[in-house]
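Undergrad: So you can see what is in the structure, the chains are spelled out below.
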Amino acid sequence: MSEETTTPSAADFSKQSRQIWLGGLGLMIGSALSCSIFNLLSSTTSHIVLGLLIAATQVAFQLFVFMHLKNERGIVYKFLVFTVFFTFALFFLTHLAQSSPLHFDAFSSK
Amino acid sequence: MSAAITHEELHGEAHDHAHEAHPKQSFIYKYIFSTDHKVIGIQYGLTSLVFLLAGFFLMMVMRWSIAYPDKPMPLIGAFLGDRWAPGGVVSPELYNMFGAMHGTIMVFLGVVPLAFGAFGNYLVPLQIGAIDMAFPKLNAWSYWLNLIGGVLMMMSFFMPSGAAQSGWTNYSPLASTTQMDVKDVFFSGQTQWLMAMVFLISSSLLGSVNIITTIINLRCKGMTWMRMPFFVWGMLVTAFLLLLAFPPLEVAAVLQLFDRLFGSSFFLPTGLLDSNRHLDIAGGGSPLLYQHLFWFLAHPEVYVLILPAFCIVSDIIPCNIRRPLWGHKTMVYAALVLGFFSFIVWAHHMYLTGMGAVVSTFFQITTVSISVPSVVLLTCLMISLWGGSIRFNTPMLFACAFLPMFGIGGLTGLPLAFSMTDLFLHDTYYVIGHFHYVVAPGTIFALFAGIYHWYPKITGRFMNETLGRLHFWPSLICMNFLFAPMFIQGLAGFHRRWYNGGMAFEDTTRHLLWLNEVMSIAAWCLALSQIPFILNVFLSIKGGKKVTCDNPWHATTLEWATPTPPGHGNFNFEPVVHRGPYEYSVPGASTDYTPQWLAEGEVPEEKLTHAEH
Amino acid sequence: MDIPYTVKARPDTGFWNAKIAIWLFLASEVMLFGGLFSAYIFLRLASDTPWPTHVLNVQAGFVNTLILILSSITVLQAWLSLKMRNFRRYQIFMAATLLLSVAFMTIKIREYGDKFHHYGVRLQDGSVLEGHLAEGGYKIKFLDVKTVTLASRPNEKGLLNFNMPFITPGSDGNFLGYLVDSKPEFKDATGKVVVLDKATVSSVVSEAFSKKQPEIKYTATAPLKFAITPSALISYDGTKATFRDGTVLEGKLEDDTLRLEVDKVDLRQAIPAGEKSLSHAYELVEKADAWRVLGGDWKTAFLKQKAEKSKSGGSLGDTDFVREAFTMPISLHSEAGAPVHEAKEAGKAEMKDHAEVAPATHEEHHHPEVAILKKDVAFYSNFTPKYHNYYAIYFAMTSLHGLHIVGGALVLAYFLFFNGGLYKTDPEHLTNRVEVGGLFWHFVDIVWMIVFPVLYLF
Ligand code: HEM
Ligand SMILES: [Cu+2]
Chain A
281 MSEETTTPSA ADFSKQSRQI WLGGLGLMIG SALSCSIFNL LSSTTSHIVL
331 GLLIAATQVA FQLFVFMHLK NERGIVYKFL VFTVFFTFAL FFLTHLAQSS
381 PLHFDAFSSK
Chain B
0 MSAAITHEEL HGEAHDHAHE AHPKQSFIYK YIFSTDHKVI GIQYGLTSLV
50 FLLAGFFLMM VMRWSIAYPD KPMPLIGAFL GDRWAPGGVV SPELYNMFGA
100 MHGTIMVFLG VVPLAFGAFG NYLVPLQIGA IDMAFPKLNA WSYWLNLIGG
150 VLMMMSFFMP SGAAQSGWTN YSPLASTTQM DVKDVFFSGQ TQWLMAMVFL
200 ISSSLLGSVN IITTIINLRC KGMTWMRMPF FVWGMLVTAF LLLLAFPPLE
250 VAAVLQLFDR LFGSSFFLPT GLLDSNRHLD IAGGGSPLLY QHLFWFLAHP
300 EVYVLILPAF CIVSDIIPCN IRRPLWGHKT MVYAALVLGF FSFIVWAHHM
350 YLTGMGAVVS TFFQITTVSI SVPSVVLLTC LMISLWGGSI RFNTPMLFAC
400 AFLPMFGIGG LTGLPLAFSM TDLFLHDTYY VIGHFHYVVA PGTIFALFAG
450 IYHWYPKITG RFMNETLGRL HFWPSLICMN FLFAPMFIQG LAGFHRRWYN
500 GGMAFEDTTR HLLWLNEVMS IAAWCLALSQ IPFILNVFLS IKGGKKVTCD
550 NPWHATTLEW ATPTPPGHGN FNFEPVVHRG PYEYSVPGAS TDYTPQWLAE
600 GEVPEEKLTH AEH
Chain C
3 MDIPYTVKAR PDTGFWNAKI AIWLFLASEV MLFGGLFSAY IFLRLASDTP
53 WPTHVLNVQA GFVNTLILIL SSITVLQAWL SLKMRNFRRY QIFMAATLLL
103 SVAFMTIKIR EYGDKFHHYG VRLQDGSVLE GHLAEGGYKI KFLDVKTVTL
153 ASRPNEKGLL NFNMPFITPG SDGNFLGYLV DSKPEFKDAT GKVVVLDKAT
203 VSSVVSEAFS KKQPEIKYTA TAPLKFAITP SALISYDGTK ATFRDGTVLE
253 GKLEDDTLRL EVDKVDLRQA IPAGEKSLSH AYELVEKADA WRVLGGDWKT
303 AFLKQKAEKS KSGGSLGDTD FVREAFTMPI SLHSEAGAPV HEAKEAGKAE
353 MKDHAEVAPA THEEHHHPEV AILKKDVAFY SNFTPKYHNY YAIYFAMTSL
403 HGLHIVGGAL VLAYFLFFNG GLYKTDPEHL TNRVEVGGLF WHFVDIVWMI
453 VFPVLYLF
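Chains as they are written, first to last, in the working numbering: chain A, 281 to 390; chain B, 0 to 612; chain C, 3 to 460.
Just so you have them, the derived chain B footprint on chain C, three or more residues with Cβ under 8 Å:
hint, segment
1, 25 to 39
2, 42 to 50
3, 163 to 171
4, 239 to 253
5, 391 to 403
From the structure, some residues in chain C lie toward chain B, with a derived Cβ separation under 10 Å:
hint, residue
6, 157
7, 159
8, 236
If you're looking for bench data, these hints aren't it; they were derived computationally from the structure. We put the CB at the ideal spot given by N, CA and C, even for glycine.
In isolation and in its complexed conformation, chain A is listed as follows:
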């Protein structure tokens, strides 16, 4: 919709407006869900996993619908993909540096 230069018709307009409200409501429900599983679930780990899933959905929705990334051309995707990749590299490599998943037991003298 960002590309349109002609003014949308009034019907379009109220439809879009309604969609925005509904989308926002969906986001709110997502956050409410996050909060309530915090009361329901006892384990931190399962809560983190679920909470992150909900957050990821919300973020994707915001990005693609509210920020209408879905309507943008490829070049933005190109650098966003790299950005996300580097961010995750920062997450995981820093953590991996702290823990060594490999142990060379073969060399240790019992």
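Given the coordinates of chain A, work out where chains B and C with the ligands should sit on it, guided by the hints.
TA: Same frame as chain A, now just chains B and C with the ligands:
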């Protein structure tokens, strides 16, 4: 766009009236608070040259202390101040302070603003045929933020605590715990270093957003991606490095500010002692976190230092051998791959921190891989020289010297890529020698080449060739006497950041201590050999040989299509690009260069034009 | 001369300039917050103390989430109105967005305020008491102060012997602010009587600085009393207090007892690392320093409550269980609470050798007040970044996020209040601006959608 220019012409007269009414004010807006990318480029250039000189000066004092530790420094020593140089003797604290600030100033205030800020700003819009940057005001902001950062950095020398003293890397815990017993922690050198960095980071953020947008959206008609000179490609990659690598350093700076100002322990482990006293901190933090965040920036940063050098050289070499650049496309892809890899090699600076074996292996592999695109870039430039009829003017001399010097710097980096050898070489003078070969006779030479090369476009006059040679040959010789011995010392185990150059460990260092003197003398001679350059820059403005046409080097890229010097709005006609950037000695063409802007069948004409505005 | 593609998209790339710029800027912002989150992950996984969880006010955070989502909607509506060329509607929605941002920041600041008033004290064995400082806060009290020595620190000179004006070393006279009902009347070295204030201090100090005289001694005409905020001091002992600026008071330490209204006890750090047996851990915490301070009745209450808990199973490897099993809220009104008086007596027991006893009027308080001797305190702080890296990263993330909110709101406000003219000349341009501002605003909202669960819920 031609419509845009006529529009401007209409307004030109109105402007002239304004000139008469407020001559003072318009000077300020034209040259000081200008939003013209060329003026901003020159502002960047001049300020960064001043900072380079400042960083150079600090180094000369350091070299005294290394060569003649604990002896009063002649001439300068007496002025440095009782606290820092009692009796004119450079104190260890002063050495630390100058060492830290030399690194910081050279990297963040000297080379990056000159290479990216000045050359990028001045040339990128010209080379893509744009009338200005996409966001001129933002561009001005970027310069002013940079200047504020620089001034803050320099002001910290005059804080009661002195400037930062923990290396350009500013590693915690040292950086979070020194200068903490002062009256006001905010006004201590360490804290101000962080504040200044926040400004410098914001500045380069604005600059890089601007350059990328300009390159993507303001290319003139016909300027397809692969018709962009390598210069523009290199700047594009550089801008992406700045854009994505700096934020984690900003995080590191902010978190360290928290540590210093609000007492948090982001980078401070539990039970940390300072002078046998438990610090009043919660602990639980990690010094390694700082190193990760720092090097996530600082490795891409070294490519920010080197890519613009490649950009400059890749323009100067084809022009002076009258042959196309060999492998333009290859170089472009190499630069892109280089940019990508530079984000995932950072922990090769941290092999000694006891990382896990898996991660260490990962970083060794990526580090070795990244040398491939670097070698590709260098090889393409070398092959370009093959069989050319080389025109050895001063810019070309510097550009040619860049190649082997960068080569030495690059190849000596390979042993540092392997944790096995790095264990021994880490933090020795070997490392100092390695990266100085890259940045000093490497990047700095390329920057000199660029200044000599584009000076005629900027001022309408050539720089003096004799002075140029007087600058080049002594510089080349001194640089090598200065940095080559560092490899020898480093292999012998000389540690970096020793204020006395190893005197305190005489048992093991005795046989190589004399090299310190050699290097220091070379450093001071290097300083002397910059005098012809400084004279040249200033004297040639008025006294240099005048150019007789807009394109004095007979080059092919768009910046030479502008009037001399280019005015506001850059081009006197609407540039349209018809071919690739390096069409030299095209078979069948009437001249040995076919500029990008000439339509098919047109012959380049030699004329000198002036800006319409 | 106009820069092309400021309003209309360039046909081959499909973007107008600012659209590219904002996405680039957001990419860099992703790296910024990415760096912060990676710091969070790193710190949390590497933490050697229990990571505080569920300690923030979830309701406040949730309300703020709703506010931000709502503002995301309104900013989109504002943009849509501009697309429709309905300026009035745009103004309303934009104003609503700004109001929502103010609401967000207000709640945020209230949350911050709470953190500043809440304290945690770690005792020598690692047990932690949390609560609010008793009436009057924590002050180091000195009496009988006869000598005050101002420092000029002539050695703290910048390079080239030059110091920045206004940033001088040496005493600044702030110590006078801690004086308790008496007049700062002194005799100087020559016997002249002066009344010190900030101006005299700074002129005296700067004179001494230029004469390279490191200190200036004053003798009080009558003994003085000081009550000093600990952060102003760099060190103190029984007879001497040294301020950050170098000023030294000599007198007698009267009191440096920390008085806390305890609302929670946390014994997790009193269990040695590597302890495996739950019952052994309970034996250990029976001897915790916390009970010495808090009184035996609370110990009994704790053990009774937790004995139940430990029967239900659970191990020391399970952080959720440990948090439940070794922390206890302390409130005089809860059933688990021990009788008021005895708790207070226990506190008093520790204070016997002190002249002053906490006033006994605690009817309106919900939590027992205890007195903790300085020698028992290993570390204390309010819940600011100093207290724990969790709070540190909480403040770092939310304050940077808050700065983004403020910055974004300022830009949107600029569009609303100063770009009405642009609407008349070039409505599409304003629409684009609002779109870009909106994209930033959505991004800030996205950040919050991750910050909220990560800091408040996990
Ligand atoms: C041109 C002549 C130059 C000379 C003679 C020179 C010399 C030196 C010396 C003697 C040191 C200190 C070594 C030690 O004590 O460990 C040093 C450190 C350093 N130099 Fe240079 N340098 C030069 C140019 C540059 C340039 C152009 C850059 C950057 C672009 C640079 C960046 C650094 C850095 C980052 C350090 C490390 C500082 C630290 O230890 O934290 N230098 N240089
Ligand atoms: Cu590196």
